[in-house]
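Engineer: Here is how the chains run, residue by residue.
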Amino acid sequence: MTPTGEVRHVEPPAAPSMDGAGVALAVRGLRKSFAGRTVLDGLDLRLRSGEFLALLGANGCGKSTALRCVVGLETPDGGMIHIHGREAGAARDAESARLRRRTAMVFQQVHLVRRRSVLDNVCAGALGRLPLRHSLTPLLFPRELREEAMACLDRVGLAARAAEPAGRLSGGQQQRVAIARALCQRASIVLADEPVSALDPVAADQVVGLLAELAREQRLAVAAVLHQPSLARRHADRVVGLLDGRVAVDAPAGALTEADLAALYAADRRPAEQEHR
Amino acid sequence: MDVRTPSRPLAPPRRPRPSAATGVVVTVLVAAHVLAWQGTEFSPAALVEGWRGMADFLGQALPPDLSWSRVLSPGIRAALVTLAIGLLGTTLSVPFALGLALLAARTTTPDRWAYQAGRSILSFLRAVPDVVFALVFVTAVGLGPFAGVLALIFHNTGVMGKLWAEAMEEIDLGPRDALRTNGASGLQVALHAVLPAVVPQFVGLLLYRFDVNVRSSLVLGLVGAGGIGFLVNQSIKLFRFDEMVTHLMVVMALVVAVDQLSAFVRRRIGA
Ligand SMILES: Nc1ncnc2c1ncn2[C@@H]1O[C@H](COP(=O)(O)OP(=O)(O)O)[C@@H](O)[C@H]1O
Ligand SMILES: [Mg+2]
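In the order they appear, the protein sequences are chains A and B.
Following the UniProt record's numbering, the numbering of the first sequence begins with 1 at its first residue and continues without gaps.
Following the UniProt record's numbering, the numbering of the second sequence begins with 1 at its first residue and continues without gaps.
Since the hints were derived computationally from the structure, they do not count as laboratory data.
Any given hint could turn out to be false.
[As the list claims (entries may be wrong)] Reference excerpt, derived from the structure (chain B facing chain A, CB under 10 angstroms, subset only): (1) D172; (2) L173; (3) P175; (4) D177; (5) A178; (6) L179; (7) T181; (8) N182; (9) A184; (10) Q188; (11) V189; (12) H192; (13) P196; (14) A197.
[Unchecked claim] Label pairs and their in silico Cβ distance ranges: (15) B:G39 to A:L132: 36 to 46 angstroms; (16) A:G171 to B:V128: 46 to 56 angstroms; (17) B:V199 to A:G254: 42 to 52 angstroms; (18) A:R146 to B:P110: 27 to 37 angstroms; (19) B:A117 to A:L136: 17 to 27 angstroms; (20) A:N59 to B:D259: 48 to 58 angstroms; (21) B:L173 to A:L136: 16 to 26 angstroms; (22) A:R115 to B:G23: 35 to 45 angstroms.
Ideal Cβ placement from N, Cα and C applies to all residues, glycine included.
When you get a sec, could you build the whole thing from the sequences and use the hints?
Structural biologist: What follows is the structure, given as structure tokens:
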């Protein structure tokens with residue numbers, strides 16, 4: 001953020017198709033408040049296919065809320081969400097539901113079903129396109145789905161653990177299974193909310209590296225909330241910093257300055273007004 | 001300054017006086033007990049005077065009649081019927097309890113109306129005691145164990161559905177949200193995120209209900225719904241208290257065995 005409080009917007013050197021084609025996710029003027037308290041205050045965000053975006057910002061600045069609005073876990077009060085150029089409206093109508101299936105979410109707490117096998121958890125990513133007769137129990141998952149899920153697991157390096165209960169894997173491995181579940185969903189946009197905040201540095205680097213690779217190799221649009229600027233600098237293409245529900249920094253990862261970070265996280269040192277729920 | 005000699009003695013706070021409300025509550029409670037004492041014709045004197053009746057009863061009841069072919073063998077066979085009533089009554093209520101629990105749990109219900117409907121049905125089934133259901137079904141399908149099974153299915157659906165719905169409301173909602181975001185339907189989410197998380201609690205509650213239901217099916221026998229309760233009732237009517245004691249011993253063995261089995265399995269699955 002500049003001293004004048006404007007968005008510090010740095011254009012990447014040769015911006016590939018900033019408009020139209022290539023934009024997987026476009027969020028415009030997103031607003032959301034909880035009990036009269038504004039959390040998202042006109043958020044704008046663009047995410048291109050093949051791009052790995054790191055979202056930074058102090059606790060409570062609205063990062064999770066923004067991602068949850070995009071995947072339909074929260075209903076925004078205002079603003080527009082375009083997925084591959086088409087508007088995703090209320091979560092209930094069929095067309096929006098189909099569009100939202102292109103977006104997958106990866107959570108800090110992983111949210112796998114611990115008692116089920118790794119493979120069954122990955123297959124569950126495909127539930128949205130499976131008829132009920134093939135999804136009453138994991139026993140009915142079709143063979144092609146199992147094979148596809150194995151390929152997804154192989155992509156995250158965990159094919160050998162497919163038969164084990166998910167709860168038995170380490171935190172980093174579970175997070176990679178969650179990413180495989182997103183792949184099995186055939187999502188083209190992957191939103192990760194603090195995917196590595198609970199992981200040790202080595203596992204964290206591995207998971208963020210995996211997300212970056214998937215963006216590049218499979219042309220996925222990936223946005224991840226990260227709390228370590230070093231990870232963002234090393235792996236991300238672009239960094240967006242949120243402050244009080246708006247974009248305050250939007251810059252190529254290499255151009256992220258210490259002053260940007262100081263401005264973003266100054267909120268953490270303010271009294272608890274940001275913190276309480 | 002020395003804390004033991006303050007310049008001015010500090011008055012310790014007064015204990016609060018019992019308030020008027022406390023007095024009213026105590027008065028009402030005492031009055032209620034006096035009325036209850038009269039209402040139930042409670043009379044220690046009658047108990048003392050009746051000692052002779054008790055002695056007569058014990059004299060007739062002891063020693064128990066352990067003749068194999070006339071008492072013990074039919075008793076054991078009837079006890080197995082009681083066990084069968086409890087088993088079927090529990091198992092056959094599972095699909096109904098599960099369906100209603102899915103409606104009546106906030107984590108899985110499709111909408112507010114289904115939620116209210118599910119909860120109302122469960123409340124009704126729970127509120128009507130199994131003995132009352134048994135009396136109704138005895139008139140409908142006649143004396144015998146079948147009426148007992150039907151009664152247990154109805155009542156147990158109410159109790160187990162409520163317990164299961166509560167178990168589902170207590171789970172971590174994360175896996176449910178995760179599946180919702182990938183477009184899974186409500187039923188798919190229930191089948192793949194909610195139910196797998198509560199399997200141990202469900203099995204534990206099921207075993208607990210089996211244990212309770214075996215004991216209830218004894219009482220159901222007293223109102224004519226088959227099993228060893230029926231034999232106990234008959235012995236009392238014929239003043240064969242020595243037979244009755246034998247039957248009660250069989251009952252005790254059955255209840256202890258079921259209780260142990262259920263506790264053992266629950267320990268094994270950690271529920
Ligand atoms: N469901 C909710 N109900 C009420 N307040 C919420 C809810 N979700 C988030 N908030 C509040 O919104 C603010 C932003 O939360 P969040 O988006 O989780 O921030 P971040 O992920 O950036 O730390 C926080 O102050 C939080 O307390
Ligand atoms: Mg958050």
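Engineer: So, for every hint listed, does it hold in this structure?
Structural biologist: Right, here's what the structure says about each hint:
no.	hint	result
1	D172	holds (8 angstroms)
2	L173	holds (9 angstroms)
3	P175	holds (5 angstroms)
4	D177	holds (6 angstroms)
5	A178	holds (4 angstroms)
6	L179	holds (6 angstroms)
7	T181	holds (4 angstroms)
8	N182	holds (5 angstroms)
9	A184	holds (4 angstroms)
10	Q188	holds (5 angstroms)
11	V189	holds (8 angstroms)
12	H192	holds (5 angstroms)
13	P196	holds (5 angstroms)
14	A197	holds (7 angstroms)
15	B:G39 to A:L132: 36 to 46 angstroms	violated (57 angstroms)
16	A:G171 to B:V128: 46 to 56 angstroms	holds (49 angstroms)
17	B:V199 to A:G254: 42 to 52 angstroms	holds (50 angstroms)
18	A:R146 to B:P110: 27 to 37 angstroms	holds (29 angstroms)
19	B:A117 to A:L136: 17 to 27 angstroms	holds (23 angstroms)
20	A:N59 to B:D259: 48 to 58 angstroms	holds (51 angstroms)
21	B:L173 to A:L136: 16 to 26 angstroms	holds (22 angstroms)
22	A:R115 to B:G23: 35 to 45 angstroms	violated (56 angstroms)
Going down the numbered hints, you'll see the structure goes against 15, 22, while the others check out.
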